[in-house]
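Got chain V sorted already, so can you dock chain H onto it with the hints?
In order, the protein sequence lines correspond to chains V and H.
Per the numbering used here, the very first residue in the first sequence carries number 1; after that it's consecutive.
Per the numbering used here, the very first residue in the second sequence carries number 1; after that it's consecutive.
What the hints contain is simulated information worked out from the structure, not anything from laboratory work.
Just so it is clear, CB atoms sit at the ideal spot from N, CA and C, and this is done for glycine as well.
Careful, some of the hints might be misleading.
For the chain H half of the interface with chain V, some residues (derived, Cβ under 10 Å), not all of them [stated by the list, open to error]: (1) Ala192; (2) Ser225; (3) Asn279.
Think about it this way: if two alpha-carbon atoms lie no more than 25 Å apart in a straight line, the pair counts; the simulated SDA-like pairs of lysine to any residue are [what the hints assert, rightly or not]: (4) H:Lys174 with V:Glu170; (5) H:Lys217 with H:Pro29; (6) H:Lys21 with H:Ile77; (7) V:Lys217 with V:Glu104; (8) H:Lys217 with V:Glu277; (9) H:Lys80 with H:Arg49; (10) H:Lys278 with V:Ser200; (11) V:Lys308 with H:Gly146; (12) V:Lys308 with H:Lys80; (13) V:Lys174 with H:Pro204; (14) V:Lys229 with V:Glu277.
2 protein chains.
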Amino acid sequence: MKARKLAIVGATGAVGQEMLKVLEKRDFPYDELVLLASARSAGKKITFRGKEYTVQELTENAFEGIDLALFSAGGSITKKFAPAAVKAGTIVVDNSSAYRMDPEVPLIVPEINPEDAKKHKGILANPNCSTIIMLMAVYPIYKLYGVRRLVVSTYQAASGAGAAAMQELEDQAKAMLAGDQPPTEAFPFPLAFNVFSHNSSLYPENGYNQEEVKMVKESHKILGSSNLKISPTCIRVGTFRAHAESIHLELEKEGDLDEIRKALSSFPGVQLKDDTEKNHFPMPLEVSGQDDVYVGRLRWDLDDSEHKNLQLFCVGDQLLKGAALNAVQIAEIL
Amino acid sequence: MKARKLAIVGATGAVGQEMLKVLEKRDFPYDELVLLASARSAGKKITFRGKEYTVQELTENAFEGIDLALFSAGGSITKKFAPAAVKAGTIVVDNSSAYRMDPEVPLIVPEINPEDAKKHKGILANPNCSTIIMLMAVYPIYKLYGVRRLVVSTYQAASGAGAAAMQELEDQAKAMLAGDQPPTEAFPFPLAFNVFSHNSSLYPENGYNQEEVKMVKESHKILGSSNLKISPTCIRVGTFRAHAESIHLELEKEGDLDEIRKALSSFPGVQLKDDTEKNHFPMPLEVSGQDDVYVGRLRWDLDDSEHKNLQLFCVGDQLLKGAALNAVQIAEIL
Numbered sequence: 001m002k003a004r005k006l007a008i009v010g011a012t013g014a015v016g017q018e019m020l021k022v023l024e025k026r027d028f029p030y031d032e033l034v035l036l037a038s039a040r041s042a043g044k045k046i047t048f049r050g051k052e053y054t055v056q057e058l059t060e061n062a063f064e065g066i067d068l069a070l071f072s073a074g075g076s077i078t079k080k081f082a083p084a085a086v087k088a089g090t091i092v093v094d095n096s097s098a099y100r101m102d103p104e105v106p107l108i109v110p111e112i113n114p115e116d117a118k119k120h121k122g123i124l125a126n127p128n129c130s131t132i133i134m135l136m137a138v139y140p141i142y143k144l145y146g147v148r149r150l151v152v153s154t155y156q157a158a159s160g161a162g163a164a165a166m167q168e169l170e171d172q173a174k175a176m177l178a179g180d181q182p183p184t185e186a187f188p189f190p191l192a193f194n195v196f197s198h199n200s201s202l203y204p205e206n207g208y209n210q211e212e213v214k215m216v217k218e219s220h221k222i223l224g225s226s227n228l229k230i231s232p233t234c235i236r237v238g239t240f241r242a243h244a245e246s247i248h249l250e251l252e253k254e255g256d257l258d259e260i261r262k263a264l265s266s267f268p269g270v271q272l273k274d275d276t277e278k279n280h281f282p283m284p285l286e287v288s289g290q291d292d293v294y295v296g297r298l299r300w301d302l303d304d305s306e307h308k309n310l311q312l313f314c315v316g317d318q319l320l321k322g323a324a325l326n327a328v329q330i331a332e333i334l
Numbered sequence: 001m002k003a004r005k006l007a008i009v010g011a012t013g014a015v016g017q018e019m020l021k022v023l024e025k026r027d028f029p030y031d032e033l034v035l036l037a038s039a040r041s042a043g044k045k046i047t048f049r050g051k052e053y054t055v056q057e058l059t060e061n062a063f064e065g066i067d068l069a070l071f072s073a074g075g076s077i078t079k080k081f082a083p084a085a086v087k088a089g090t091i092v093v094d095n096s097s098a099y100r101m102d103p104e105v106p107l108i109v110p111e112i113n114p115e116d117a118k119k120h121k122g123i124l125a126n127p128n129c130s131t132i133i134m135l136m137a138v139y140p141i142y143k144l145y146g147v148r149r150l151v152v153s154t155y156q157a158a159s160g161a162g163a164a165a166m167q168e169l170e171d172q173a174k175a176m177l178a179g180d181q182p183p184t185e186a187f188p189f190p191l192a193f194n195v196f197s198h199n200s201s202l203y204p205e206n207g208y209n210q211e212e213v214k215m216v217k218e219s220h221k222i223l224g225s226s227n228l229k230i231s232p233t234c235i236r237v238g239t240f241r242a243h244a245e246s247i248h249l250e251l252e253k254e255g256d257l258d259e260i261r262k263a264l265s266s267f268p269g270v271q272l273k274d275d276t277e278k279n280h281f282p283m284p285l286e287v288s289g290q291d292d293v294y295v296g297r298l299r300w301d302l303d304d305s306e307h308k309n310l311q312l313f314c315v316g317d318q319l320l321k322g323a324a325l326n327a328v329q330i331a332e333i334l
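Isolated chain V, as found in the complex (with noise of 0.2 Å):
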């Protein structure tokens, strides 16, 4: 679908100028584009490919002629703005929550269901970012073995909460280099030189958080089975912009890690990074700013002569895979 007029919700946060980066690499079609925000950040100036745009305020009305939105703004303004930009006409595909279970929404990696996004009736939903980088390495394995289960535990970086929490990071680790007391207001405690579980809150019937019942969630919607049990632990670290997971599956037939190497150099998206002699894996500071999800520490557990049981490392880039380009990449295959 070649895209007329195209437009940006959200378009001052952190995920919104992404967006505008990833569609100008990727060139991606349109005659014209439209910024919109909330009343705050309306009237601001963007430049963009050599072109001034002025911030339009976000309303039901401002969907009038516009074929495809990207939303990056929060569920409760997804919500209240989605509806009124279907009714216009305009495909949307949203970055937040709102929409992601919604059985009548496709929840899409274009490298893993993209079959899924034709069934869509006006609004396309774009993964958690923990969500997708996670699947993006474990998928090639889950295609040639299966996966019984899958243990997770995250290290992830301050732009999942926006632009504000990535300048509060740099802010807190002046602060206290300078041994002063680090600012809180993004996050409820200091993340920098600090390690703490995810700020979403917690589901008290189960002590889960929102971001680790996504991972669960949206991972079965996305692989169309919630045969694979899996247990997430979401921790956030005092890094800026790219995710790392370290993972253990449990896969239900016998693998073989040449097959495993092969399988997730050829996929696209994924990088493998496993260079057991420098001791050099997947790293926060190295793939921020990349597309792929990078992929290392590849290696059955110790005791494990049946290879069933598999271990990784991986890092993507929160703001690209995680959320602009993933979006950008789901507009691209409708």
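Positioned in the frame of chain V, the structure of chain H alone reads:
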């Protein structure tokens, strides 16, 4: 045992310095104290409990008349000087990995296997920091139900690589915040605002690093059983001195969360910190400088009606319970 004459080997290092603080805090009994270090540090003055000590050079003759020596030097230094100490009649409590897997050397976590200490033949070993912190959190549960499999991902602080590494993390953060290249001498990659696979060297035959293999082998020795399958992934994060660990357990018998909480709360050296309402769990910034290992995020797998798959998150000060405190506790039970 009342150590009349006590020596600290490696007194100027990060762990040695913590050992002095622990001795003072616990009012460890001795009549005379000798501080030993490499020729490079010999001659330095250290004031301890109001008295000035001159650091003496570590030589094979330094142990004459010394009853107890707490070693916190590297493995090769220990291998060179511990035999001379034992020959001089000194009991050695060693913090390095040099003798940990020696079948003649007890490997002790005083809350777990104090009875093993009696079997010593002159040398007792202090386990690896990640091993101690993990076992403190897991042992009360292991005792209740047995554990079939343990999957652990670590979030390890700079302190595990010594005082120079802690300083490097600070220098790196300052350099990066100023837009400069971060120095990397203690670590192969920048640790500030980053995460990387543990810097210990890897075994090419299985892809594990030394730190991970220590966690497996030492745990088996301390528990006196190699039935427990352990799948470790050791990762460094940009924190200064407390290690965090995300742990998934497959229990042998059905567990009960109230019983687990009670067992953890009443276990010496463990604190339960599991406030799901305020999303407040163990954090390196809060646990730094604390003697105890903090445990939280206790929950069953989402699909686990059998209550056999448990997740938890724990944090312990790497320099204290992970090193200096545990070593002094070993000396106390002698």
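Quick rundown of the hints versus the structure:
A cut of 10 Å between beta carbons decides the hint on alanine 192 of chain H: the least distance to chain V is about 8 Å, and the hint holds. Below 10 Å, beta-carbon pairs count as interface contacts, and serine 225 of chain H has none with chain V, the closest being about 13 Å; its hint is therefore violated. Hint on asparagine 279 of chain H holds. Least Cβ distance to chain V is approximately 6 Å, under the 10 Å limit. Our distance criterion of 25 Å between C-alpha atoms is met by lysine 174 of chain H and glutamate 170 of chain V, whose separation comes to about 11 Å.
At most 25 Å may separate the alpha-carbon atoms for a hinted pair to count; lysine 217 of chain H and proline 29 of chain H exceed this at roughly 33 Å. Of the pairs offered as hints, the one joining lysine 21 of chain H and isoleucine 77 of chain H holds, with about 23 Å between alpha carbons and a cut-off of 25 Å not exceeded. For the hint pairing lysine 217 of chain V with glutamate 104 of chain V, the CA-to-CA distance comes to about 15 Å; that is within 25 Å, so the pair holds. Distance hint between lysine 217 of chain H and glutamate 277 of chain V is fulfilled; the C-alpha atoms sit about 23 Å from each other, no more than 25 Å.
Of the supplied pair hints, the one linking lysine 80 of chain H and arginine 49 of chain H is violated, its CA atoms being roughly 30 Å apart against a limit of 25 Å. For the hint pairing lysine 278 of chain H with serine 200 of chain V, the CA-to-CA distance comes to about 11 Å; that is within 25 Å, so the pair holds. Using a Cα cut-off of 25 Å, the hinted pair lysine 308 of chain V and glycine 146 of chain H holds, with the two alpha carbons roughly 23 Å apart. Of the pairs offered as hints, the one joining lysine 308 of chain V and lysine 80 of chain H is violated, with about 42 Å between alpha carbons and a cut-off of 25 Å exceeded.
Annotation: proposed proximity of lysine 174 of chain V to proline 204 of chain H is violated, straight-line Cα distance about 40 Å (limit 25 Å). Between lysine 229 of chain V and glutamate 277 of chain V the alpha-carbon distance is near 33 Å, which puts this suggested pair outside the 25 Å criterion.
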